[in-house]
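Enquirer: Spelled out, the chains give:
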Amino acid sequence: MTKKIKLKINARLLKKRFRKQGFGGAKHCRFCGSPEQNSFVDYKNSVFLRNFLTERGKILPSRISGNCSKHQRALSRNIRKSRTMALMPYTASFF
Amino acid sequence: MVRYEALVLAVPEITADEVKSIESQLGKAVVEKKGTLLSFERWGKYRLAYPINKNDYGVYFLARFESTEPTAITEEVKNLFAVKLHGVVMRHMVTKLELDQSLAYQRPQSLEEAPSREDSFFKDTKSDSHMSDDSDDSDDQD
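Going down the list, the protein sequences come from chains A and B. The working numbering puts the last residue of the first sequence at 95; the count rises by one with no breaks. The working numbering puts the last residue of the second sequence at 142; the count rises by one with no breaks.
Keep in mind that the hints were calculated from the coordinates and are not lab data. Here a beta-carbon is modelled for each residue, glycine too, at the ideal position from N, C-alpha and C. No incorrect hints appear here.
To spell it out: a stretch of chain A is covered by chain B in this simulated footprint if at least three of its residues, at any positions, have a beta carbon under 8 Å from a beta carbon of chain B; those stretches are:
{"id": "1", "stretch": "33 to 45"}
{"id": "2", "stretch": "80 to 93"}
Ranges of calculated distance between the beta carbons of each label pair, as one might list FRET restraints:
{"id": "3", "chain 1": "B", "residue 1": "Ala16", "chain 2": "A", "residue 2": "Ile64", "range": "42 to 48 Å"}
{"id": "4", "chain 1": "A", "residue 1": "His28", "chain 2": "B", "residue 2": "Pro70", "range": "35 to 41 Å"}
{"id": "5", "chain 1": "A", "residue 1": "Lys16", "chain 2": "B", "residue 2": "Ser39", "range": "50 to 56 Å"}
{"id": "6", "chain 1": "B", "residue 1": "Glu69", "chain 2": "A", "residue 2": "Arg12", "range": "53 to 59 Å"}
Could you build all of it, start to finish, from the sequences and the hints given here?
Expert: The following block contains the structure:
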């Protein structure tokens, strides 16, 4: 038997191959295994949390920031807390 | 023993006497429920991310306390801020602290520490924008 060759071009597989070949490098959660970075995730520390907002004040998706789901949840929880205390914006207005 | 912290946002025109009365009333409420007030700090004046009760500025306070009666003390403190101090306190938030958690924390700079208006959200994210300098006055209502 000859080796089976995949003829179909799949978008998902292409993306996977790009990732493996190191297009921009693999994304890594910056909080995993780093207690120092973890201690910054606090609703009072709004200066740090602002790194995880878009220009319009939305929470940056983990797809872009590269956080794992556990830390993304903790992060967004703290951003929402910070918003109720008016330390961070719900939306940024046009100007 | 459970440890809590309360972040309080007060109106900008708060007087020193009112600050003292908040602290004494909070201390009294905590002691009543068999707790101890660990700290009461004034952060200073801040520009709020959005106006609350038509106020663009506010003064933050952070209090830490612990008690052996967990639910009773939080209820008491929340009632104090929401009912008795309703005219002075705009927002309050009581959160639980882990006992092994360090009490050190980081906070943004207040207007009193840095008088320039660099706490604006746009100024630190879009510093290289091509907009004119007076553009941040557009959100002021005339």
